[in-house]
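Could you build all of it, start to finish, from the sequences and the hints given here?
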Amino acid sequence: MVPLDALRESEVFEGLGDDELAMVAEMAREETYEPGARIFAENEEAKDLYIVLEGRVAILIDVGQGKQTVVDTVTKNGSFGWSAMVPPYVYTASAKCSERSRVVAVSGAGLRDLCRASCMTCYTIMERLAMVISARLKDTRLQLISLLYG
Amino acid sequence: MLSDRERALRLAHAIESALSDPSSCKDYVVSRVTACGSCPPFICPECGCPLAGDAIIIDHVRKGRRRLSDKALHYLGHGMTSYQTGYIYQGHPVTVDLNLDTLEAYLNLS
Numbered sequence: 000m001v002p003l004d005a006l007r008e009s010e011v012f013e014g015l016g017d018d019e020l021a022m023v024a025e026m027a028r029e030e031t032y033e034p035g036a037r038i039f040a041e042n043e044e045a046k047d048l049y050i051v052l053e054g055r056v057a058i059l060i061d062v063g064q065g066k067q068t069v070v071d072t073v074t075k076n077g078s079f080g081w082s083a084m085v086p087p088y089v090y091t092a093s094a095k096c097s098e099r100s101r102v103v104a105v106s107g108a109g110l111r112d113l114c115r116a117s118c119m120t121c122y123t124i125m126e127r128l129a130m131v132i133s134a135r136l137k138d139t140r141l142q143l144i145s146l147l148y149g
Numbered sequence: 000m001l002s003d004r005e006r007a008l009r010l011a012h013a014i015e016s017a018l019s020d021p022s023s024c025k026d027y028v029v030s031r032v033t034a035c036g037s038c039p040p041f042i043c044p045e046c047g048c049p050l051a052g053d054a055i056i057i058d059h060v061r062k063g064r065r066r067l068s069d070k071a072l073h074y075l076g077h078g079m080t081s082y083q084t085g086y087i088y089q090g091h092p093v094t095v096d097l098n099l100d101t102l103e104a105y106l107n108l109s
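The listed protein sequences correspond, in order, to chains D and S. Letter 69 of the first sequence, counting from 1, is numbered 68 in numbering that gives the first Met the number 0, and no numbers are missing. Letter 88 of the second sequence, counting from 1, is numbered 87 in numbering that gives the first Met the number 0, and no numbers are missing.
Since the hints were derived computationally from the structure, they do not count as laboratory data.
Per label pair, the in silico range of CB-to-CB distance:
(1) Asp4/D x Asp26/S: 19 to 27 Å
(2) Cys48/S x Asp4/D: 26 to 34 Å
(3) Glu103/S x Ile144/D: 46 to 54 Å
(4) Thr68/D x Ile42/S: 52 to 60 Å
(5) Lys46/D x Ala51/S: 28 to 36 Å
(6) Pro2/D x Asp26/S: 23 to 31 Å
(7) Arg99/D x Ile42/S: 46 to 54 Å
(8) Ser2/S x Pro34/D: 45 to 53 Å
(9) Arg37/D x Leu1/S: 48 to 56 Å
All values derive from a computational prediction rather than experimental measurement. All C-beta atoms, glycine included, are put in the ideal place defined by N, C-alpha and C.
This is the structure in structure tokens:
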């Protein structure tokens, strides 16, 4: 089982109490990826929400003609793969390790079940998740401006 | 040397005291966030007390924020440090073991 403290320090789960964290830990697993490894690709079914324990994970979007551009880099305690919590549960970007990375993968289906069980838990998770999505939107917008105007 | 049961009871007392008389605390503030009234309450199997799902927030000036469920506080009040959360995952009940050392540090009891 993933240590509760690792979850407690993450940007998405830091507001949860031990009860909820114990439940999240049950549905989580630790994974290690080598540099350059792809964790998931844009348009794949979004099954898991990820938290970085160690390393750096680049978030990339397809820009056409087989090219991708980095819109964000996620580091320790940061999260990615929020699409696992939002319909239609399809990743809107790809995730690729910039260096050797240890991550926690949390089942999106499990998290959604947890959210259905308690409004308070759901509110806490979704509020944090909205902050992540908002930051990702801002970073993507900056990247777009950079692409358009150099 | 206190037993785990005594430590749990002491923690529960400290949290309840801080909630009822905030001026009694030094270095930390304890507050309660009321849960949604529409969610079904959790019934304590020990005493039958309904627990709405409130959150107990401990804000310590140096250690930061720690959040507990009303369940955790209630079970501490029974002298218990391990309990079933009421959640079931893949057919198995999820249990939680409260870390007394950590909680005591947040309440200046260590």
